[in-house]
Amino acid sequence: MSLDLAPDTPATTATTATTTATTTATTTATATVEETRPPLTPNALRTIVRELAEQPEQWIHHVRLSTEERWYRRLAADEDHEVWLISWLPGQSTGFHDHGGSRGAFTVALGELEELSLGGPEQGLLIRRIQSGTARAFGPEYVHDVRNTASGPAVTLHAYSPPLQSMAHYELRAGGLVRTSEEGPDQW
Numbered sequence: 034m035s036l037d038l039a040p041d042t043p044a045t046t047a048t049t050a051t052t053t054a055t056t057t058a059t060t061t062a063t064a065t066v067e068e069t070r071p072p073l074t075p076n077a078l079r080t081i082v083r084e085l086a087e088q089p090e091q092w093i094h095h096v097r098l099s100t101e102e103r104w105y106r107r108l109a110a111d112e113d114h115e116v117w118l119i120s121w122l123p124g125q126s127t128g129f130h131d132h133g134g135s136r137g138a139f140t141v142a143l144g145e146l147e148e149l150s151l152g153g154p155e156q157g158l159l160i161r162r163i164q165s166g167t168a169r170a171f172g173p174e175y176v177h178d179v180r181n182t183a184s185g186p187a188v189t190l191h192a193y194s195p196p197l198q199s200m201a202h203y204e205l206r207a208g209g210l211v212r213t214s215e216e217g218p219d220q221w
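Be aware that the sequence shown starts at 34, since it is given in this note's numbering, and climbs by one per residue.
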């Protein structure tokens, strides 16, 4: 599987249908009908991030570290998915958040992270240590908190389908998660 990592080059799929409109000697009237692709599956997204992680020459030169907050950059985007590169210094985290109905996957390319999620009434709060080379995939309703609790930086690759349109943030309280805010692409 290959990815075009050139920024701002969205791919589009269209079909052309000849209409019965008047034609001239030099042109034929055509109508473009957009096809709507279904979202990629979490497993397909996992494959994308795993394969990209195995090609550091495609992304390592973009990595930056920020003491202010997690650093991130969109590496690729088209109509059915997008890929992000994120760096994490010790102590940085996302807080609990969703993905606005998008499916997703991420892999730790360098370092290690911790993921928190709610596993239901019998399981409570789940804490997973995610080592370098490990990938996680999830469906459209997934809410989690990802954080760097290690002593060194980490780098992750994320893929979402469809591309992110919003993300809601939550606080973990005694009764469960409570939605506190929402952000959109203009804030990324």
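Treat the hints as calculated values from the structure; they're not laboratory data. Hints may contain errors.
To be verified - Have a look at the derived ranges for each label pair, beta carbon to beta carbon:
hint	residue 1	residue 2	range
1	P89	G152	15 to 25 Å
2	E112	P186	14 to 24 Å
3	D219	S184	14 to 24 Å
4	Q156	H94	22 to 32 Å
5	Q88	G208	27 to 37 Å
6	P173	V211	14 to 24 Å
7	P173	E84	35 to 45 Å
8	G209	P173	17 to 27 Å
9	G166	D219	16 to 26 Å
10	S99	G153	33 to 43 Å
11	R206	P89	18 to 28 Å
12	D219	Y175	15 to 25 Å
Note that this is a predicted model, so its numbers are computed, not measured. Note that CB positions come from ideal geometry on N, CA and C, so glycine has one too.
**Prompt:** For which of the previously enumerated hints does the structure constitute a violation, in increasing order of number?
**Reply:** Hint check: 1, 2, 3, 4, 5, 7, 9 and 11 fail, others pass.
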